[in-house]
Amino acid sequence: MIKILRAGRINSIQDMGRSGFRHLGICQSGALDRTALAIANLLVGNPSDAAAIEFTLGPCELAFTADGRIALGGADFAATLDHKPLPSWWSVRVRAGQILRLNAARHGMRAYLAIAGGIDAAPQLGSRATDLQAGFGGHGGCALKEGDSLTAGAPDDPTAALHGAASFGIRPPSWYEDDAETLAIRVIPGPEYELFTQATQKTFWNSNWTLTPQSNRMGFRLSGPELKIKKGSDLLSHGVLPGVIQVPPAGQPIVLMADAQTTGGYPKIGVVISADLARLAQLRFNRTIQFVECDAAQAREELRRDASYLQQIETAMHWLRPAK
Amino acid sequence: MTQAVIQALGESALILNTGASATLDCQQRLWAIAAKAAHWPHVRDVVPGMNNLTILFDPLAADAEQLADKLQNAWDAASVSQKTGRKIEIPVTYGGASGPDLEEVARHTGLSPAEIVKRHTAAEYIVYFIGFQPGFPYLGGLDPQLATPRRSQPRLVVPAGSVGIGGSQTGIYPAASPGGWQLIGHSALRLFDPAANPPTLLQPGDRVRFVASEVIA
Chain A
1 MIKILRAGRI NSIQDMGRSG FRHLGICQSG ALDRTALAIA NLLVGNPSDA AAIEFTLGPC
61 ELAFTADGRI ALGGADFAAT LDHKPLPSWW SVRVRAGQIL RLNAARHGMR AYLAIAGGID
121 AAPQLGSRAT DLQAGFGGHG GCALKEGDSL TAGAPDDPTA ALHGAASFGI RPPSWYEDDA
181 ETLAIRVIPG PEYELFTQAT QKTFWNSNWT LTPQSNRMGF RLSGPELKIK KGSDLLSHGV
241 LPGVIQVPPA GQPIVLMADA QTTGGYPKIG VVISADLARL AQLRFNRTIQ FVECDAAQAR
301 EELRRDASYL QQIETAMHWL RPAK
Chain B
1 MTQAVIQALG ESALILNTGA SATLDCQQRL WAIAAKAAHW PHVRDVVPGM NNLTILFDPL
61 AADAEQLADK LQNAWDAASV SQKTGRKIEI PVTYGGASGP DLEEVARHTG LSPAEIVKRH
121 TAAEYIVYFI GFQPGFPYLG GLDPQLATPR RSQPRLVVPA GSVGIGGSQT GIYPAASPGG
181 WQLIGHSALR LFDPAANPPT LLQPGDRVRF VASEVIA
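From first to last, the protein sequence lines are chains A and B. Throughout the first sequence, residue numbering follows full-length UniProt numbering, covering 1 to 324 in sequence. Throughout the second sequence, residue numbering follows full-length UniProt numbering, covering 1 to 217 in sequence.
The set of hints was computed from the structure by calculation and includes no laboratory data. All figures in this text were calculated on a predicted structure; none of them were measured in a lab. Yeah, the Cβ is synthetic: ideal placement off N, Cα and C, and Gly gets one too. There may be inaccurate statements among the hints.
To be verified - With beta-carbon atoms standing in for the labels, derived distance ranges:
1. B:22 / A:312: 14 to 24 Å
2. B:23 / A:312: 20 to 30 Å
3. B:144 / A:198: 39 to 49 Å
4. A:3 / B:145: 51 to 61 Å
5. B:180 / A:225: 26 to 36 Å
6. B:168 / A:212: 56 to 66 Å
7. A:307 / B:41: 15 to 25 Å
8. B:198 / A:295: 30 to 40 Å
9. B:23 / A:5: 51 to 61 Å
10. B:216 / A:140: 47 to 57 Å
11. A:286 / B:115: 45 to 55 Å
12. B:152 / A:212: 22 to 32 Å
13. A:3 / B:23: 50 to 60 Å
Construct the complete structure from the given sequences, taking the supplied hints into account.
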């Protein structure tokens, strides 16, 4: 169904990741921008958690070897389908032989290609996501490379294949078009927040933090003023999860992302709320963020808002289905 | 038993922190709680750490305060897990290319390589918890005489199956990864297989013994 003609550096099959195995050291994996993945999937008639391709760096090129329907979500990679521009957040039909090209990202960092039926990788431990560190899931546990062939599953609901509908698109949530100099990321203070002096706490909230190129799917390393810890920072190893902001002895924070290890030992100054992890996932290297204090109630409210937005898209999709 | 503190970790996780310092008794209580909490509604993951426990839950379906109460009650009522873990033997080739730091550990401890192997294989280790990477065991029970500081320069790649000593800990790397532990041996046993059920060879509570299949010294 899809043949990779030219692979970018870190492109892999991802879905919403795995849960229930962290006590065995098995991390979550899954899309870094779960909102973009969900939208791309809904636009082709898939359940929002179907497997898709996560592109991190272009340029990439792939050929479709069968007819189908696709949508891109997330970063704007200046994509073309047979040399004609293919905008993000747009659902189109493809024919066998057509070539999709993703160029350098103009905006954002990660794009998702959904295909009707989802990418048909064998589920392992409850998910099709690629665990790149442990080397399993997705396409043989590896990043995609030139020559790889992927197949699509049978569409979930054949009447939802949308063959009758022409191309159509949606306007993404506003933050994808947000070009603010500094991205505001909401954070709930963490269990070791009080281990930092008041002056350091102020520094944490009031500084601009730069995303360094040493960042990857495990963690986003930030640089800025040094965060000093009041007393002994050696904790006994404890569970960690995506969103946790660790402060190692050097005082430069690391935000854990989807591929984060399951346990860690550094003090946790805060936790990025789940709803803002998707926004953070699209931050480009050397851009800055500011942390904004928030509480669990707000965090839940944001999750509800995202869920209801996805629900709206799903509802609208029903209007496009041919009447039975 | 000490008072446990329940802390929030973002909107979707809670930590039960015992404040104790790495005792087996405390860890056994946590295993008992972990076994129960895994079946609570809306709980996605339960992760024992070193004398602490983290639960991850669905923040839109679960009531965090109720869960915190439940966790507190579970700790107050906890009995020591009676479940004795399985006994697992891990065959190890010590020294030579399989254990490039055995000589270094000998220099540091003042023990002969043969004595190190003898002591390392004499102990019964207990898996306190699994973390860091799939199947990586945090083992309790290393002979204190064998404690050796980590290498000043961590290796960029420690081969999968390497058995090492890092400070007062010992363990096995299930997958190749960077690492600073002193490598004394290698086991061909597979610690992680995503197709197996369960996918990891070791689980919290298991009792581990290293068996010398060969010593190259």
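Here's how the hints hold up against the structure:
1. B:22 / A:312: 14 to 24 Å: The hinted range 14 to 24 Å is violated for residue 22 of chain B and residue 312 of chain A, with Cβ atoms some 50 Å apart.
2. B:23 / A:312: 20 to 30 Å: Once the Cβ atoms are compared, 52 Å apart, the range 20 to 30 Å for residue 312 of chain A and residue 23 of chain B is violated.
3. B:144 / A:198: 39 to 49 Å: Roughly 40 Å apart at Cβ, these two residues keep to the hinted range, so it holds.
4. A:3 / B:145: 51 to 61 Å: Because 59 Å falls inside the window, the suggested range holds.
5. B:180 / A:225: 26 to 36 Å: Given range 26 to 36 Å: holds, Cβ gap about 28 Å.
6. B:168 / A:212: 56 to 66 Å: Since residue 168 of chain B and residue 212 of chain A have Cβ atoms about 33 Å apart, the given range 56 to 66 Å is violated.
7. A:307 / B:41: 15 to 25 Å: holds, 19 Å
8. B:198 / A:295: 30 to 40 Å: Once the Cβ atoms are compared, 37 Å apart, the range 30 to 40 Å for residue 295 of chain A and residue 198 of chain B holds.
9. B:23 / A:5: 51 to 61 Å: At roughly 58 Å between Cβ atoms, residue 5 of chain A and residue 23 of chain B fall inside 51 to 61 Å, so the hint holds.
10. B:216 / A:140: 47 to 57 Å: violated, 34 Å
11. A:286 / B:115: 45 to 55 Å: Given a distance of about 54 Å, which is inside 45 to 55 Å, the answer is holds.
12. B:152 / A:212: 22 to 32 Å: Because 25 Å falls inside the window, the suggested range holds.
13. A:3 / B:23: 50 to 60 Å: This hint holds: roughly 57 Å between Cβ atoms.
Checked against the numbered hints given earlier, this structure breaks hints 1, 2, 6, 10; the rest are met.
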